[in-house]
Amino acid sequence: KAGVTQTPRYLIKTRGQQVTLSCSPISGHRSVSWYQQTPGQGLQFLFEYFSETQRNKGNFPGRFSGRQFSNSRSEMNVSTLELGDSALYLCASTQTGTLNEQYFGPGTRLTVT
Amino acid sequence: AQKVTQAQTEISVVEKEDVTLDCVYETRDTTYYLFWYKQPPSGELVFLIRRNSFDEQNEISGRYSWNFQKSTSSFNFTITASQVVDSAVYFCALSPPGSGSRLTFGEGTQLTVNP
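Keeping their order, the protein sequence lines are chains A and B.
For the first sequence, the residue numbers in the working numbering are 16 to 128.
For the second sequence, the residue numbers in the working numbering are 1032 to 1146.
This is chain B alone, in the form it adopts within the complex (with noise of 0.2 Å):
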């Protein structure tokens, strides 16, 4: 069974300041995708990212980056100079090769960005 934890349940930083979310995954499978998505309050989930579990370089994307460490089976996500329209909850999520689109999330992180 695939399990992700996202311990961080709410997240309040000030504009302008770095802010890392946190993911941690539990898998069998030696092969599997982690996923990042965000949810602004519209309620539509965007994609963010997706990676597989033999690449662990890390990836930088404007001012998001992530980490991803096998060894440690987490999968982190910084935004640096966070602004206030980065406000939204963000899922991580874990796919098995193999099981088409079905993807197991993480309860998610509330992330708000205060002006």
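Chain A on its own, in the form it takes in the complex (with noise of 0.2 Å):
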């Protein structure tokens, strides 16, 4: 079975542009989280989507969103960069995300200039 993957692995942007990273869960996984990692704030949730819906937000301002496609498919989208995002974005998924483990991807490093 393949594992969670998320594209791309790396990704280099400039203040002020938008960003779009991907994640496709393990098959028949509904429920896919994201996460953020900076050597500063630690590992923090952003939010997750289960069967298309969001159906829990971390505290991040507006400018971080996401959504789901029917094929649980996930993608997160960051619009006006600013340098202190950069950081490493985890995407996990479960079953049905009751508390069954989580499968992280790989992570998609993103530096901002």
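Worth flagging that the hints you see were computed from the coordinates, not collected in a lab.
Model, not experiment: these values are computed from the prediction.
A few of these clues could be false.
[What the hints assert, rightly or not] Reference excerpt, derived from the structure (chain A facing chain B, CB under 7 Å, subset only):
1) Ser48
2) Gly55
3) Leu58
4) Gln117
[To be verified] Rough simulated footprint, nothing fancy, chain B against chain A, three-plus residues with beta-carbon under 8 Å:
5) 32-46
6) 60-74
7) 118-127
[Said to hold, decoys possible] Selected chain A positions facing chain B (Cβ under 10 Å, derived; list incomplete):
8) Gly18
9) Val19
10) Gln52
11) Gly57
12) Phe79
13) Thr109
We treat Cβ as the ideally placed atom computed from N, Cα and C, and that holds for glycine.
Can you join these two chains into the complex? Each is in its own frame, and there are hints to help.
Below is the structure:
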């Protein structure tokens, strides 16, 4: 069974631009969560999608948004990038999101210059 | 609000030594779940264990063992006879029921096992 895949793996953007990151969950998994990891703030929950609906949201500004498609693939978008958005963005999937173990992808390393 | 504290930022041991990673949590919920994840240099978080707050039995899996003490709000992780491949960042995490897949992570402990 293929694991969680994230594309792209690395990305360099300029301040003010926007970016879209993609996550393909494990086949059969309907819940996708996103986390931001930075040296200063650690791992922080962004949001969770289940059956195309946002079920949980962390404390991030509205510049961070996401969506989930009918095949459970998810995208997250960050608009008007700031230097502080440089981070490793991790995606995780579970079958139903009810505290089954989460399987994480390798992450997308975003650098904002 | 939930909080997870891993006071040990970095630990360095020599291969075959035993090492314990500390985790202390704060929550007002009576029911919750605790997790440990491993993050090797590749970046991908690897699930190690999930523990229900009602289950205070210690658990052992090979060289890994976990000690959950609700009275002290701690969920410590011990690696016996450490190996170089155990070198990674280890995260403790907390999730209350009804929060879906939302995890609150600790700061992580960087474990380095030297040959």
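Hints and how they fare:
At its closest, the beta carbon of Ser48/A sits 5 Å from a beta carbon of chain B; the interface hint therefore holds under the 7 Å criterion. Evaluation of the Gly55/A hint against chain B yields a violated restraint, the C-beta minimum of about 10 Å exceeding 7 Å. This hint holds: Leu58/A has a C-beta 4 Å from the nearest C-beta of chain B, less than the 7 Å allowed. Evaluation of the Gln117/A hint against chain B yields a held restraint, the C-beta minimum of about 6 Å falling below 7 Å.
Requiring three or more residues with a Cβ within less than 8 Å of a Cβ of chain B, the coverage given for the stretch 32-46 of chain A is violated, as only 1 such residues are present. Note: the stretch 60-74 of chain A has 6 residues with beta-carbon separation from chain B under 8 Å; the three-residue rule is met and the coverage holds. Chain B is given as covering the stretch 118-127 of chain A, and this holds because 6 residues of the stretch bring a CB closer than 8 Å to a CB of that chain, at least three being needed. Interface hint status for Gly18/A: upheld, as the beta-carbon distance to the closest one in chain B is roughly 8 Å, under 10 Å.
Satisfaction of the interface hint for Val19/A is found here, the shortest Cβ-Cβ separation to chain B being roughly 8 Å, below the 10 Å cut-off. The interface hint given for Gln52/A is met, as the beta carbon of that residue sits about 8 Å from the closest beta carbon of chain B, less than 10 Å. Using the Cβ-Cβ criterion of 10 Å, the hint placing Gly57/A at the interface with chain B is satisfied: the shortest such distance is roughly 5 Å. With a least beta-carbon distance of about 15 Å to chain B, the hint placing Phe79/A at the interface is violated under the 10 Å criterion.
With 10 Å as the threshold, the beta carbon of Thr109/A comes within range of chain B, its nearest partner Cβ sitting at about 5 Å, so the hint holds.
The structure shown violates the earlier hints numbered 2, 5 and 12.
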